[in-house]
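Engineer: As a plain string of letters, each chain reads:
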Amino acid sequence: MRVVVQTERFDPGAELNRFSEGLKASGATVSFTGITRDVIGELQAMEIECYPGMTEKALKQIATDAMTRWSLEDALIIHRHGRLKAQEEIMMVATAARHRVAAFDAAQFLMDYLKSRAPFWKKEVTREGASWVDAKDIDEDALTRWQD
Amino acid sequence: MRVVVQTERFDPGAELNRFSEGLKASGATVSFTGITRDVIGELQAMEIECYPGMTEKALKQIATDAMTRWSLEDALIIHRHGRLKAQEEIMMVATAARHRVAAFDAAQFLMDYLKSRAPFWKKEVTREGASWVDAKDIDEDALTRWQD
Amino acid sequence: MIDVLYFAWVRERIGVPKEAVDTKASTVMELVEELRSREERYALAFSDLNSMRVAVDQDLTDFDAPLSGAREVAFFPPMTGG
Amino acid sequence: MIDVLYFAWVRERIGVPKEAVDTKASTVMELVEELRSREERYALAFSDLNSMRVAVDQDLTDFDAPLSGAREVAFFPPMTGG
Chain E
1 MRVVVQTERF DPGAELNRFS EGLKASGATV SFTGITRDVI GELQAMEIEC YPGMTEKALK
61 QIATDAMTRW SLEDALIIHR HGRLKAQEEI MMVATAARHR VAAFDAAQFL MDYLKSRAPF
121 WKKEVTREGA SWVDAKDIDE DALTRWQD
Chain G
149 MRVVVQTERF DPGAELNRFS EGLKASGATV SFTGITRDVI GELQAMEIEC YPGMTEKALK
209 QIATDAMTRW SLEDALIIHR HGRLKAQEEI MMVATAARHR VAAFDAAQFL MDYLKSRAPF
269 WKKEVTREGA SWVDAKDIDE DALTRWQD
Chain C
297 MIDVLYFAWV RERIGVPKEA VDTKASTVME LVEELRSREE RYALAFSDLN SMRVAVDQDL
357 TDFDAPLSGA REVAFFPPMT GG
Chain X
379 MIDVLYFAWV RERIGVPKEA VDTKASTVME LVEELRSREE RYALAFSDLN SMRVAVDQDL
439 TDFDAPLSGA REVAFFPPMT GG
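Protein chains in written order, with the working numbering: chain E, 1 to 148; chain G, 149 to 296; chain C, 297 to 378; chain X, 379 to 460.
Worth flagging that the hints you see were computed from the coordinates, not collected in a lab.
In this text, all values refer to a predicted model and were calculated from it rather than measured experimentally.
Check each hint, because a few of them may be wrong.
When the alpha-carbon atoms are kept at most 25 Å apart in a straight line, the in silico SDA-like pairs for lysine to any residue are as follows [unchecked claim]: (1) G/172 / E/37; (2) G/271 / C/333; (3) X/396 / X/411; (4) C/314 / G/200; (5) C/314 / G/278.
Footprint (simulated), chain C over chain G, 3 or more residues, beta carbon under 8 Å [as the list claims (entries may be wrong)]: (6) 156-168; (7) 245-256.
For every residue, glycine included, the Cβ atom is placed at its ideal position computed from N, Cα and C.
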């Protein structure tokens, strides 16, 4: 299990291969990469604030929960903070399990928790100014499916 | 959209990066990689038979269906056939969408259809002989969730 | 003449991957009956149609499907890709 | 003394990322009331608690949570990671 919080860019493909290299019993690997979208060509930057100390702790807890719940062989979370440009990778998760359903479910669980429970806050900077990204009810609702 | 059927090995990380490079409007990329598992250390090879002509046609249809249904920006399917060793990549899918739910759903749809509708047949070779992998009811059942 | 293809264990039981069959069968099921009556190995391969799938001209279909104009019929076990 | 941290627009409204607060508040809610009564910028930042989250000693909790022994309290908007 590996959890990384950093300002630097990372290489999703290289991270996926590094993640997969050590696997022994897993038939299924799922990855998710989040990218700073720039649909209307106006995004100058995305600023991501985190809570040093709590952020890594929260990510480790989320990853540990996923490892246990789906008997994963491995899990990876990389999340950037600081100032990102358009079309850059924001974050990535990867999961490895014996079967595909567990790998998919665990990756979605990680994403749902990252969206609403990991202490990160995004601000979009355009020519017209900067504004905090609003949390979406749909993201909060997504968590209910993981509550037994 | 890219669909590849080949005997050669491929590099999942390099393919993921190649897939992501061209994206403009997508905030979410999901990948799945299937690996020849060797849980008990006995797998000598996995032989994958395909139906030349029909296999590529079926994969293109599956990918096109996913592109349309989830308004994907792009989709990728790579599937090997021939003789594979243990711990090798069998296949990979990748999807790119504006939001994570679409990217995850589309990737799972691709996998569910690949499992039960794409003309591939797997045979496991161990010291004790070779045997065709049985189709699982659970894989057939997985398709029902995509039928509206 | 129709090209008949076999894959996986169906191919192994029949003994060939492909053969040209001279038939007047109007449905897949009629073709199956014809093949079954030919030789023991066909009867064996086609003994349980529940564990078999069929494609006509490279489209998955079922055993009731008509064969009018078909050039290629393929028989195989449930797929196990991915 | 408790370290009080602010993030995102809460930080911007309060004007500082962190401050040491001398308080006898026994719950998060009591601390919020104390801060609200201090200055307008606090009242403004804490005007809608539905759009605010709180962590005590780096664990997410709610506004009823006790502060006994707490060293660090953080206020911030709903998270938007991923």
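Engineer: Decide, hint by hint, whether the structure agrees.
Structural biologist: Hint check results:
This hinted pair checks out: residue 172 of chain G and residue 37 of chain E have alpha carbons roughly 7 Å apart, not beyond 25 Å. Distance check on the hinted pair: residue 271 of chain G and residue 333 of chain C sit about 29 Å apart at the alpha-carbon level, beyond 25 Å; violated. For the hint pairing residue 396 of chain X with residue 411 of chain X, the CA-to-CA distance comes to about 18 Å; that is within 25 Å, so the pair holds. Between the alpha carbons of residue 314 of chain C and residue 200 of chain G the distance comes to roughly 12 Å, so the proposed pair stays at or under 25 Å and holds.
The suggested pairing of residue 314 of chain C with residue 278 of chain G holds, with an alpha-carbon distance near 22 Å, which does not exceed 25 Å. Residues of the stretch 156-168 of chain G with a Cβ under 8 Å from some Cβ of chain C number 0, which does not satisfy the need for three, so the listed coverage is violated. Counting residues of the stretch 245-256 of chain G whose beta-carbon sits less than 8 Å from any beta-carbon of chain C gives 0, not enough to reach three: the coverage restraint is violated.
When each numbered hint is compared with the structure, violations occur for hints 2, 6 and 7.
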